[in-house]
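For the sequence shown, position 261 (counting from the first letter as 1) is numbered 261 according to the UniProt record's numbering, and the numbering increases by one without interruption.
Calculated directly from the structure, the hints in this document are not laboratory data. Note that the Cβ used here is the ideal one computed from N, Cα and C, for glycine as well. Incorrect hints may have been included.
Unchecked claim - Quick list of the computed label-pair ranges, beta carbon to beta carbon:
#1 362 / 390: 42 to 52 Å
#2 616 / 465: 41 to 51 Å
#3 545 / 940: 40 to 50 Å
#4 677 / 626: 13 to 23 Å
#5 706 / 933: 26 to 36 Å
#6 250 / 311: 50 to 60 Å
#7 766 / 851: 39 to 49 Å
#8 696 / 390: 32 to 42 Å
#9 626 / 519: 51 to 61 Å
#10 232 / 703: 52 to 62 Å
#11 529 / 605: 18 to 28 Å
#12 522 / 616: 49 to 59 Å
#13 152 / 481: 31 to 41 Å
#14 706 / 762: 41 to 51 Å
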Amino acid sequence: MSTTMQPKLKKARIVKESADGTAATSISAVAAAAPAKPSSVFAPFRALGTVANDVPFSLQALGADNFLTTCVGNAFHVYNVDRFRLMAASSPTPEPITSLAAHKDTTYAACRNIVYIFHRGKRTGELVNPDVDGSIFQLLLLGDYLLGLSDDNQLTVWDLSTPKADDDDEDMDKPSEPVANDNKVYSTVQFGSNFSTSCFMHPHTYLNKVLVGSSEGTMQIWNVKTNKLIYEFESIGSAVTTVVQSPVIDVVAVGTLDGHIHLHNLKSDERIGSYHQETRVTAIAFRTDNDMPLMASANQSGDIAIWDLEKRRLIHNVKGAHEGTIPSIQFLLGQPVLVTSGADNAIKQFIFDSPDGVPRLLKFRAGHAAPPTSVKFYDDDGKYLVTAAKDRAMRIFSVVKDAHSFEFSQGKGTGTAANTGTHATKGAKRLGISLDTLRLPPVTSVAMCETTQRDWDNVVTAHEGESEARLWSFQRKALGKHTLAARDGSTVKAVAMTACGNFAVLGTEAGNLDVYNVQSGKFRRSFTGGHSKAITGIVVDRINKCLVSSSLDKSVRVWDFATGKSVYSIPMHAPITQLVAHMDNELVAVVSDDLSIRVLDLETRRIVREFWGHRNRITDVAFSPDGRWLVSASLDATVKTWDLPTGFLVDQFRVDHVVTSLTFSPMSDFLATTHVDSLAVFLWSNRTQYTNISLRPLTDDDEVVEQALPTSADVDSDREDEGTEKQKASAGTAEVVVAAEVAYSDYVTPEQITEHLITLSKHPKSRWQTLLNIEAVKARNKPIEPPKEPEKAPFFLPTVAGVVPTFAPDANKSVDDDGTVRAFGQLSLDSEFLQVLKQCDEQGNYDVLHAMLVDMSPSAIDLEIRMLSELHLRAFIQALIAHLNKHQAFELGQAWMNVFLKCHGEALTRSDEFRDDLHALLEAHEAEWNRVQANLRYCNCLLDFVRF
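Hey, can you work out the whole structure from these sequences and the hints?
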């Protein structure tokens with residue numbers, strides 16, 4: 001069997017065996033492909049697991065609540081600080097956000113030299129300064145003005161309100177009512193070449209003034225309204241990295257690159273005090289609840305230093321508060337709570353509730369600090385995703401509600417609540433070491449079983465360079481009680497768990513397989529002597545009858561699970577890197593280093609498909625739950641969908657970042673992927689679940705569709721009802737909603753999809769059956785006895801007067817409903833039905849008559865047809881022909897025709913004037929009946945074929 005041939009039409013090889021047992025390949029001829037068109041089976045849905053990055057957050061108080069706006073790449077999230085509930089996610093920006101500023105429902109996000117305006121997460125406008133060539137790295141709201149500092153040494157001021165009279169003393173701190181305006185550039189401050197801006201802030205009570213720090217260590221005060229330099233301070237000896245206003249007027253805290261924090265009095269230009277911490281100062285915050293005069297400072301190593309300003313000393317150092325740089329920290333106004341964010345994709349709250357001023361972690365929300373490398377759906381409902389990453393953490397992400405996501409605790413014993421990992425955190429804090437030192441190595445393979453999650457540990461993992469596999473408990477959200485060691489002492493490369501959840505199978509680097517009982521952690525048996533190199537994949541069938549393993553020794557081996565003996569082996573032509581199974585139809589996908597995917601049928605012991613098309617190493621494959629598709633990803637940044645029954649490539653698209661892992665949801669509604677250089681888990685919706693898609697075979701000439709990654713804009717809100725009501729009561733501005741706008745259009749179902757079809761009416765079957773048997777119905781409903789006279793009322797009941805006396809009209813006049821009196825000669829003796837029939841016959845359009853017949857009751861239709869005179873028979877015949885030509889309400893038309901011919905058949909046959917009309921009616925009826933009969937026969941044949 002050749003392994004190098006790649007058919008031009010991207011189709012699987014359908015492998016058959018010849019009489020002598022050798023394999024032969026044949027490719028069926030395929031018609032020319034249709035013109036290329038950008039169709040995709042998977043549409044971007046949303047991203048999970050992103051919380052914050054290295055862009056400083058924006059914190060604001062609205063009423064009694066505090067809201068935190070964090071950047072997550074090309075979008076931002078809004079959290080309620082009370083419980084860190086995700087309140088909103090913005091629509092994406094064209095480029096990554098570099099700075100944020102929020103005021104009430106409006107958020108300003110800078111992307112390079114453009115500032116985008118968002119109202120409740122929806123982008124509504126933008127601000128641009130054509131003179132700015134650099135990237136805006138800091139935004140500041142100052143009353144009705146927005147200030148942006150860019151790395152090309154410019155400070156831009158945009159006016160967000162209507163122009164006002166020129167007044168140098170006008171108070172920019174006092175905001176006016178927001179109104180529509182052109183958002184023009186108010187002014188631009190160009191700094192000199194010897195002053196490289198690094199940060200800026202607005203000193204309290206300094207009207208229209210900003211304090212700007214530089215990389216040279218100098219600071220300047222500018223009046224942004226008049227574009228004048230007010231004062232320049234001498235260099236402090238190191239680059240200024242951050243400037244923060246202290247609770248004392250005129251005093252600011254200046255953080256430097258060398259780790260110094262200087263308290264400087266702007267009015268007197270004198271230094272009040274200095275503090276020093278390790279490495280660069282990235283953020284500074286002051287406590288404002290008047291309990292203890294504390295200052296907190298953060299550095300690029302993830303540590304937070306707590307300073308006592310009264311005693312001028314360091315009282316505590318929170319080591320490893322975040323993994324990496326801390327771009328922003330801030331105390332809640334009037335509360336002993338410190339809010340922090342880190343580049344490790346986490347936001348945290350520290351509370352100062354101890355007398356010595358030492359903080360403790362109150363709550364936090366986090367995702368992976370490094371890109372995930374593995375993702376799998378945990379449950380049969382597709383509500384949870386299990387992910388593992390290079391940050392040595394294993395997490396559960398909820399697809400339904402983001403607040404249900406958590407990290408598995410790596411401490412011994414029982415686990416804690418959601419978002420834990422606290423045992424390892426406490427241990428690291430107690431020993432004074434980094435959290436990474438206590439964490440397990442990165443996960444290389446994971447398997448799970450939902451069935452036994454309430455009984456014992458139900459997740460097993462293999463770790464990088466470890467000769468032991470670990471058990472985890474989803475119920476306790478923590479590391480399990482038992483450790484499963486490889487019997488040969490080599491590294492565990494692959495793991496699997498049986499469908500019953502009782503056994504875990506370990507595949508080692510030496511090529512052996514070990515089976516352990518999950519509940520007791522005891523060793524049961526080993527499968528040895530089958531493979532000579534490392535195991536790369538393990539699959540167990542649903543009834544624990546057979547076990548399938550793959551290895552780098554280019555073989556796939558099937559074992560008897562009960563005895564541990566090898567049943568048979570299938571050699572491959574290249575080392576195998578992955579093994580994935582779909583046990584409902586006993587198919588196994590084998591991924592090899594020769595860039596091919598071979599599908600093995602365990603029942604026939606044959607390779608039934610070979611898929612070729614990727615141009616680089618295949619990173620992951622997954623079966624669809626129904627076993628029809630196989631989705632694969634590769635280092636060529638493409639995701640391809642292969643149709644197993646036909647063996648063709650039916651969909652492909654390319655993404656910006658290489659897919660490292662993918663998995664299909666058990667309900668077939670989502671495809672989850674992880675990517676290089678991305679901390680999120682991306683969900684793609686399966687469009688075939690909600691729309692009709694016509695799939696065709698793709699060729700080498702078909703262009704690969706470029707697909708953008710999903711964003712977090714579709715994330716569902718975590719708000720609770722009581723939280724929503726509370727926000728609505730907060731100054732009318734605290735209500736933050738998810739930025740998702742869905743346009744609904746009214747859709748009217750057509751009466752008939754196409755004229756080539758013959759449709760029935762929407763009325764029940766009894767409607768036309770009653771019309772056909774109207775005489776029998778009337779006979780059945782005829783009363784047996786005459787109506788009896790009602791009994792007389794008792795004499796003591798009050799009586800009511802009879803009919804109100806009225807004047808009798810003239811004998812030659814009639815009174816209409818509205819009281820109009822007209823002559824009897826002007827009255828029409830035709831019923832409404834006959835009038836409509838005459839009108840439709842004159843116009844040649846019988847739609848009104850047909851609609852009238854559909855709405856009439858069976859007895860009324862029977863009466864009107866019987867009342868037809870010979871003058872109206874021809875018109876009704878034409879109405880029946882027109883109804884047959886419409887191909888609608890077929891059974892009702894047959895019932896009308898039956899009653900018509902039954903009542904007027906003799907009159908029609910006696911006269912020759914109706915002969916042509918009857919012939920036309922007969923031809924139309926035969927044509928329609930033949931079409932109905934042909935369709936019924938076709939359906940019956942198809943059902944018989946499927947049934948037998």
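Each hint, compared with the structure:
Checked against the given bound of 42 to 52 Å, the beta carbons of residue 362 and residue 390, roughly 28 Å apart, lie outside it. In this structure the supplied range 41 to 51 Å is violated for residue 616 paired with residue 465, their Cβ-Cβ distance being about 26 Å. Taking 40 to 50 Å as the suggested C-beta distance range, the pair residue 545 and residue 940 conforms, at roughly 41 Å. At roughly 33 Å, the beta-carbon separation of residue 677 and residue 626 lies outside the given 13 to 23 Å, and the hint is violated.
At roughly 51 Å, the beta-carbon separation of residue 706 and residue 933 lies outside the given 26 to 36 Å, and the hint is violated. For residue 250 paired with residue 311, a C-beta distance near 22 Å fails the hint of 50 to 60 Å. For the pair residue 766 and residue 851, the beta carbons lie near 20 Å from each other, so the given range of 39 to 49 Å is not met. A hinted range of 32 to 42 Å holds for the C-beta pair residue 696 and residue 390, which are about 40 Å apart.
Distance hint check: the CB atoms of residue 626 and residue 519 are about 33 Å apart, inconsistent with the given range 51 to 61 Å. The hint said 52 to 62 Å for the Cβ distance between residue 232 and residue 703, and at roughly 59 Å that hint holds. A hinted range of 18 to 28 Å for the beta carbons of residue 529 and residue 605 is consistent with their spacing of about 20 Å. For the hinted restraint 49 to 59 Å between residue 522 and residue 616, the CB-CB distance of approximately 43 Å leaves it violated.
Restraint check, residue 152 to residue 481: a C-beta distance of roughly 59 Å breaks the suggested window 31 to 41 Å. Our hint of 41 to 51 Å for residue 706 and residue 762 holds, since their Cβ atoms are close to 46 Å apart.
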